[in-house]
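*Asks:* Protein chains in written order, with this note's numbering: chain V, 1 to 163; chain S, 1 to 163.
A hint or two may mislead.
Claimed, not checked - Example chain S residues on the side facing chain V (calculated, C-beta under 10 Å, incomplete):
1. ILE15
2. PHE60
3. SER126
4. PRO149
5. LYS153
6. ASP156
Keep in mind the hints are simulated off the structure, nothing from the lab.
Backbone N, C-alpha and C define an ideal beta-carbon position, used for all residues, glycine too.
Protein chains: 2
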Amino acid sequence: MQDQPQKEELYIVDILHRVGIKSSPKETYQALTTREGLSAWWTNDTQGETKAGGKLQFRFGPSGGFDMKVLEFRPAERVLWQVVERPKEWIGTKVSWELKQEGDYTIVLFKHQGWKEPVEFMHHCSSKWGSFLMSLKSLLETGKGAPWPNDIKVDDPQKDTPG
Amino acid sequence: MQDQPQKEELYIVDILHRVGIKSSPKETYQALTTREGLSAWWTNDTQGETKAGGKLQFRFGPSGGFDMKVLEFRPAERVLWQVVERPKEWIGTKVSWELKQEGDYTIVLFKHQGWKEPVEFMHHCSSKWGSFLMSLKSLLETGKGAPWPNDIKVDDPQKDTPG
Numbered sequence: 001m002q003d004q005p006q007k008e009e010l011y012i013v014d015i016l017h018r019v020g021i022k023s024s025p026k027e028t029y030q031a032l033t034t035r036e037g038l039s040a041w042w043t044n045d046t047q048g049e050t051k052a053g054g055k056l057q058f059r060f061g062p063s064g065g066f067d068m069k070v071l072e073f074r075p076a077e078r079v080l081w082q083v084v085e086r087p088k089e090w091i092g093t094k095v096s097w098e099l100k101q102e103g104d105y106t107i108v109l110f111k112h113q114g115w116k117e118p119v120e121f122m123h124h125c126s127s128k129w130g131s132f133l134m135s136l137k138s139l140l141e142t143g144k145g146a147p148w149p150n151d152i153k154v155d156d157p158q159k160d161t162p163g
Numbered sequence: 001m002q003d004q005p006q007k008e009e010l011y012i013v014d015i016l017h018r019v020g021i022k023s024s025p026k027e028t029y030q031a032l033t034t035r036e037g038l039s040a041w042w043t044n045d046t047q048g049e050t051k052a053g054g055k056l057q058f059r060f061g062p063s064g065g066f067d068m069k070v071l072e073f074r075p076a077e078r079v080l081w082q083v084v085e086r087p088k089e090w091i092g093t094k095v096s097w098e099l100k101q102e103g104d105y106t107i108v109l110f111k112h113q114g115w116k117e118p119v120e121f122m123h124h125c126s127s128k129w130g131s132f133l134m135s136l137k138s139l140l141e142t143g144k145g146a147p148w149p150n151d152i153k154v155d156d157p158q159k160d161t162p163g
């Protein structure tokens, strides 16, 4: 028994990442907002419209993929997507990219927000986003990323999913 | 103006990861609970006692490091540490490792819990933990990890910190 009202807990379930890339914010932004750029670090099967209001289709072979609506972008500063199709845990969640310059580096602050619960799949997606951010870093620093189907596997390759 | 008392909210933010490693839970557990194992994927400067109640010192050269108290362990299943020294954002936070077998793989569910706020440093730590988990995976699958000082840099090497 307790005689005080219980505090309401607000559990924030976000995937957060931060990487520093030896590249300009302008080049980093290009890699996030052109089909050519996205194909070179996330998945070589990237289709759709990269403008605001457009819909991007990211596919990963038999594992399926995601459709993202481009909600917002500000050149060299910010990109915001909302997931409109599959998987069910992702629908409605938002993916944001904030860019800022620090010396010779562009700092990328990444958030995948709006998860309802910290399910095991979310843990997986956190690790997988981390490895795709390293692919983005590698693309911009060396000219070579690791997009699907050559992505770094964080799990059994038979079970590894893109998200 | 609002006519209802504001609810007191308690924010909870966690770093979550999940990797699948082609290894047994027993071997994975060894890599998390022996100085030899920890030195081979996290930092080659690992000291201290790995038993329950013991204190482990992880050091990363001029960047400093962490002291962890071993709160709990269950062979091949679970390890729980609490950060007792530095950096300030880490003090009191807990790091847990849950292991389970799936076919030829050990699934590692990782949580770094108890952050007070989703500060920029937390975004960095999320990416850095992700890359150290890949170092753990590599150690167990190939015999070679990437512990500090040979860790994968997620930022400008001059500024990259271990946490």
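*Asks:* It remains to establish, for every hint, whether it holds in the given structure.
*Replies:* A quick look at each hint next to the structure:
| no. | hint | in the structure |
| --- | --- | --- |
| 1 | ILE15 | 7 Å, holds |
| 2 | PHE60 | 17 Å, violated |
| 3 | SER126 | 5 Å, holds |
| 4 | PRO149 | 18 Å, violated |
| 5 | LYS153 | 8 Å, holds |
| 6 | ASP156 | 5 Å, holds |
Hints 2, 4 from the earlier list are contradicted by this structure; the remaining hints agree with it.
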